[in-house]
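Quick note, the sequences are listed as chains S and F, same order. Using the working numbering, the first residue of the first sequence is number 1, and each one after it goes up by one. Using the working numbering, the first residue of the second sequence is number 1001, and each one after it goes up by one.
Hints may contain errors.
Heads up, incomplete: computed chain S residues facing chain F, CB under 7 Å, no partners named [said to hold, decoys possible]:
| # | residue |
| --- | --- |
| 1 | H128 |
| 2 | K131 |
| 3 | T132 |
| 4 | Y140 |
| 5 | S157 |
| 6 | F177 |
| 7 | E180 |
| 8 | H188 |
| 9 | L192 |
| 10 | E193 |
| 11 | L199 |
| 12 | K220 |
What the hints contain is simulated information worked out from the structure, not anything from laboratory work. Computed from a predicted structure; not experimentally measured. Virtual Cβ for every residue (Gly too), placed ideally from N, Cα, C.
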Amino acid sequence: MFLEYLEEKIFFIISSLLFTILLSIYLLLIGINVGIVILFAILIIAFILISLLVSYILIKKRYVKIVNLVDSLDEKYLIKEVIDKPKNLENKAYYYALDKACKALNDKLSEVENSKEEYLDFLDSFIHEIKTPISALSLYADNNNDERVKEDVLKISRLVDKMLFYAKSDVVEKDYFIKEVTLADLVHPVLLEYKNYLLNYSFKVEVKNLDNLVVYTDIKWLNFIIEQILNNSLKYQNKKERIVRIKGIDDKNNIKLVIYDNGVGIKESDLSKVFEKGFTGSNRSKKNASGIGLYLVKKLCDKLGIDIKIESVYLKYTKVIITFPKGNYFIK
Amino acid sequence: MEKILIIEDDEIIRKELGILLSNNNYSVSSSVDFFNIEKAIENINPDLILLDINLPDTNGYEVIKKIRKITNKPVIFVTSRNTIDDEIKSLNAGGYDFITKPYNKELLLLKIRKCLDEVNPKNHKELIVNGVSLDLHLSLIKYQDKEIELTRNEFLLMYYLFFNYPNILSKDMLIEYLWNDKFYLDENILIVNINRLRNKLRDIGLEDFIKTVRGVGYRL
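Just chain S, with the same shape it has in the complex (with noise of 0.2 Å):
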């Protein structure tokens, strides 16, 4: 780092010892002893290095000062109301230029936070009022009996929140509700949701211990999530005999929800990506997968103070298991 500095002072330096040469040419010439000449030529370079190390200290410390404030600071655009007005003429101008940079990038910031914020209401309408047809087209289906047409409502429907829940997932905060609920009420909604799916691909469901379970959360946004984990295990079958085992299960410390299929599975290569956004797996066909459905799950997990974790053997299986903190210290 000194090194760079003095590279920086190049000029500086070669001007000065240049001049000091001079000098001491032209002091030799109006015959001045030689001794003196050196002694004096020294004198001037010490000189010189002294004022060039104190600047550097100097210049070093406010250097570590403001590397130190912009790593500290969490939202670094703010770095400008922090630092010290410069007195150095060229830091006055890289200071003008930061502050400069720093409004625009507020001004771009807030503008953007306010079309998101428009957006996001935008499609709260919308998706208020495509849910009138939905809603109608799945009564309809259900009156007539048309199981086709009554699938494809409910997947529209199930598409439609989930680009709601996307939409949210970045403010859960804003539409979160702890209450204490049973396991079977986080589950039971959706396995009646994909009742007729169940049974039409002749799905053995196993339900163990979920009724005597009690976790603190919310429950809408656990319902959606264990439908994305179900869909999974639902659409990625490759055996005869199907089966999806959901159970509870009291460990010391926590509670947990293991919901269990004899899919497909996932690579073990896979296994560690499953969570990424975009990540539609090496090995299932790429149709009507966004990778966005776990992505959006561990999203929202951590956002609730869940834990998730999936196992799984290629071929074989894959068992998700969800893990909620045991006790209501959460709302008290």
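Please build the complex by placing chain F on the supplied structure of chain S, with the hints as guidance.
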């Protein structure tokens, strides 16, 4: 027959909801006169009201205020926005329950049934068919001086057969009912369970109590 009043602005939903509920043995009426809802309620005297939150020029919260002035009959709110805000508001406004669009048929019927049962408990302890009684509290089947205990799932099966007597219950309907009660079974498991129940009933001398109606389903 229990009467349900639908307050909803979308015509198709009104119509289809009406068909669905009539098919499930409710008497259905609807009203679009949201500002004079009192009149409709006095005329119809419903046992339960399904109320849409989003109505033109008004909303469900305003309407329920008017309803509450003249009756305490339960109101189930219906909305397409499943936010916590709406849920809290509707329960605060005096709604009994809250259901989101698109209606899950099973869930809707379940909530309506639960609501009507809770508001107006029939208080019966047992159902009796052909001298055989089903104890609803102790999950027992009693016949003459003998009795057998039923498991939860067996009880649910028996309950729907008793409840629908003397009608025939198709396999699909039975499966539907049982799923609603968190007994997730398919046709094969249903048959296995029915046979197991028949064996149990035979032990107390009940031969052919559950009858198979070929190609249709079961009845007592």
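Hint-by-hint comparison with the structure:
1. At about 5 Å, the closest approach between the beta carbon of S:H128 and any beta carbon in chain F falls short of 7 Å, and the interface hint on this residue holds.
2. Interface hint at S:K131: satisfied, since its Cβ lies 3 Å from the closest Cβ of chain F, which is below the 7 Å cut-off.
3. Contact between S:T132 and chain F, as hinted, is supported at the beta carbon level, the nearest pair being about 5 Å apart and thus within 7 Å.
4. Interface hint status for S:Y140: upheld, as the beta-carbon distance to the closest one in chain F is roughly 5 Å, under 7 Å.
5. Contact between S:S157 and chain F, as hinted, is supported at the beta carbon level, the nearest pair being about 5 Å apart and thus within 7 Å.
6. Interface hint status for S:F177: upheld, as the beta-carbon distance to the closest one in chain F is roughly 4 Å, under 7 Å.
7. Taking 7 Å as the C-beta cut-off, the interface hint given for S:E180 is violated, the closest approach to chain F being about 15 Å.
8. Interface restraint check: S:H188 against chain F, minimum CB-CB distance 6 Å, threshold 7 Å, status holds.
9. Interface restraint check: S:L192 against chain F, minimum CB-CB distance 5 Å, threshold 7 Å, status holds.
10. Using the Cβ-Cβ criterion of 7 Å, the hint placing S:E193 at the interface with chain F is satisfied: the shortest such distance is roughly 6 Å.
11. Annotation: interface hint on S:L199 holds; nearest CB of chain F at approximately 6 Å, less than 7 Å.
12. At about 6 Å, the closest approach between the beta carbon of S:K220 and any beta carbon in chain F falls short of 7 Å, and the interface hint on this residue holds.
Figure legend: structure checked against the earlier numbered hints; the only hint not met is number 7.
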